[in-house]
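Start from chain A and add chain B according to the hints.
Here is how the chains run, residue by residue.
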Amino acid sequence: MTSISEHAAALEKSRAASDRFDPSVFQGMMSKHGHSGHIGMVYHAHGDNWVELALPYDKRLIGDTETGIIASGPIISLMDNATSLSVWTHLGKFRPQVTLDLRVDYMRAARPGKTVIGRGECYTITRSVAFVRGIAHDGDADDPVAHVAGTFINVEKFVA
Amino acid sequence: MSGTVTLEKIADMLPPYADHLGIVADHMLDDTPVLAFDFSTGVTGRPGYLHGGALSGLLEMAAVAALRSHLATHRNTPARLKPVNITVDFMRGGLEKRTYAIGRITRVGRRVANVTAEAWQDDATKPIASANMNFLLSAAES
Numbered sequence: 001m002t003s004i005s006e007h008a009a010a011l012e013k014s015r016a017a018s019d020r021f022d023p024s025v026f027q028g029m030m031s032k033h034g035h036s037g038h039i040g041m042v043y044h045a046h047g048d049n050w051v052e053l054a055l056p057y058d059k060r061l062i063g064d065t066e067t068g069i070i071a072s073g074p075i076i077s078l079m080d081n082a083t084s085l086s087v088w089t090h091l092g093k094f095r096p097q098v099t100l101d102l103r104v105d106y107m108r109a110a111r112p113g114k115t116v117i118g119r120g121e122c123y124t125i126t127r128s129v130a131f132v133r134g135i136a137h138d139g140d141a142d143d144p145v146a147h148v149a150g151t152f153i154n155v156e157k158f159v160a
Numbered sequence: 001m002s003g004t005v006t007l008e009k010i011a012d013m014l015p016p017y018a019d020h021l022g023i024v025a026d027h028m029l030d031d032t033p034v035l036a037f038d039f040s041t042g043v044t045g046r047p048g049y050l051h052g053g054a055l056s057g058l059l060e061m062a063a064v065a066a067l068r069s070h071l072a073t074h075r076n077t078p079a080r081l082k083p084v085n086i087t088v089d090f091m092r093g094g095l096e097k098r099t100y101a102i103g104r105i106t107r108v109g110r111r112v113a114n115v116t117a118e119a120w121q122d123d124a125t126k127p128i129a130s131a132n133m134n135f136l137l138s139a140a141e142s
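Here the protein sequences come in this chain order: A and B. Taken in order, the first sequence gives residues 1 to 160; the numbers are from our numbering. Taken in order, the second sequence gives residues 1 to 142; the numbers are from our numbering.
If we strip away everything but chain A, and leave its shape as in the complex, we get:
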């Protein structure tokens, strides 16, 4: 289980290099623990306001035994993390937040055997709310598996 001290260490480490939030370091720590590690998601890439995570195909994530297609849940987890990290990446710092809502539209099923890439982007941040969107694809970003939209609530003032 991810202890609070490990969580704090990840935060500290993600700030250390350049003083800017580094999603690769943060997700790197998270991927060893908890739900992220349990389903196997890892850091893939990031830019100014976006983060990509990868979810390699794993038979334990299958939602439809007949077809071998993974369940919807792992895609939601992937996009929840990718969009959440995109907020901190956009801000350049960590700020405590919780997911308010997340919507996922499935264009098609992810192909069994393929790694799913989740790209989360934070397009607006207000004092209280961060607005995010993203896509999941299994190799070709122009042929996405899913589109997502969501919001996060800043809970900084509640945990000060």
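Hints are computed from structural coordinates only; laboratory data are not their basis. Incorrect hints may have been included.
Unchecked claim - Stretches of chain A that chain B covers, calculated by requiring three or more beta carbons in the stretch to come under 8 Å of a beta carbon on chain B:
no., region
1, 23-35
2, 55-63
3, 99-113
4, 117-123
What the hints assert, rightly or not - No farther apart than 25 Å at their CA atoms in a straight line, the calculated lysine-lysine pairs in the DSS-like style are these:
no., chain 1, residue 1, chain 2, residue 2
5, B, Lys82, B, Lys9
6, A, Lys93, A, Lys157
7, B, Lys9, A, Lys32
8, B, Lys126, A, Lys157
9, A, Lys93, A, Lys59
10, A, Lys114, A, Lys59
11, A, Lys114, B, Lys9
12, A, Lys59, B, Lys9
13, A, Lys114, A, Lys32
14, B, Lys126, B, Lys97
15, A, Lys114, A, Lys157
16, B, Lys82, A, Lys59
Here a beta-carbon is modelled for each residue, glycine too, at the ideal position from N, C-alpha and C.
Using the frame of chain A, we list chain B on its own:
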């Protein structure tokens, strides 16, 4: 295929993903299955709380289980379910406790099924998250 759906049948329908998160068929409530998982490393997000994605997974499994039991009771032909979309709303942080979820059928048509699901911990009247899920139904091919 048609007939009463038992908790055992629901447990058999749960896919590998449900097992991976520790999801079990807990009990029946008015002919609808209630699913549950215990708090574990595998469903932990930030320290001490459930991961939103794991909670979404439980809601998804509850929606699917409710729909499958509805179809098994009311339809004679097996159907294939394709999720079109899911919207999850988070109301309260999930604590280090057992979490329950139940799906409710809003409507099942020929092509589309609209299903909602709710998750709670100690008190079913205080949901921690809810989901709205739409499915495309098609005839299962053999």
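message: Need the status of pair Lys114(A), Lys9(B): alpha-carbon distance at most 25 Å?
response: violated (31 Å)
query: If you draw a straight line from the CA of Lys126(B) to the CA of Lys97(B), is it 25 Å or shorter?
result: holds (14 Å)
query: Straight-line Cα separation of Lys114(A) and Lys32(A) no greater than 25 Å?
result: The given pair, whose Cα atoms are some 22 Å apart, holds under the 25 Å limit.
Satisfaction of hint between Lys157(A) and Lys93(A), Cα-Cα up to 25 Å: This hinted pair holds, its Cα atoms lying about 15 Å apart.
message: Check whether the Cα positions of Lys93(A) and Lys59(A) lie no farther apart than 25 Å.
response: violated (36 Å)
- prompt: Per the coverage rule (Cβ-Cβ under 8 Å, at least three residues), is the region 117-123 of chain A covered by chain B?
  reply: Our answer is that it is violated, as 0 residues pass the Cβ test (under 8 Å) against chain B, missing three.
message: With the threshold set at 25 Å, check whether the alpha-carbon distance from Lys82(B) to Lys9(B) stays at or below it.
response: holds (21 Å)
- prompt: Regarding the pair Lys114(A) and Lys59(A), is the alpha-carbon distance no greater than 25 Å?
  reply: Cα-Cα ~11 Å, so holds.
task: Closer than 8 Å, Cβ to Cβ, for at least three residues: run that test on the region 99-113 of chain A against chain B and report holds or violated.
output: With 9 residues closer than 8 Å to chain B, the region 99-113 of chain A meets the three-residue bar; holds.
query: Are at least 3 residues of the region 55-63 of chain A within less than 8 Å of chain B when you compare beta carbons?
result: holds (count 5)
message: Hint check: Lys9(B) vs Lys32(A), CA-CA at most 25 Å. Holds or violated?
response: violated (35 Å)
query: Are Lys59(A) and Lys9(B) close enough, with their CA atoms no more than 25 Å apart?
result: holds (22 Å)
The structure does not agree with the numbered hints 4, 7, 9, 11 and 15 stated previously, though it agrees with the rest.
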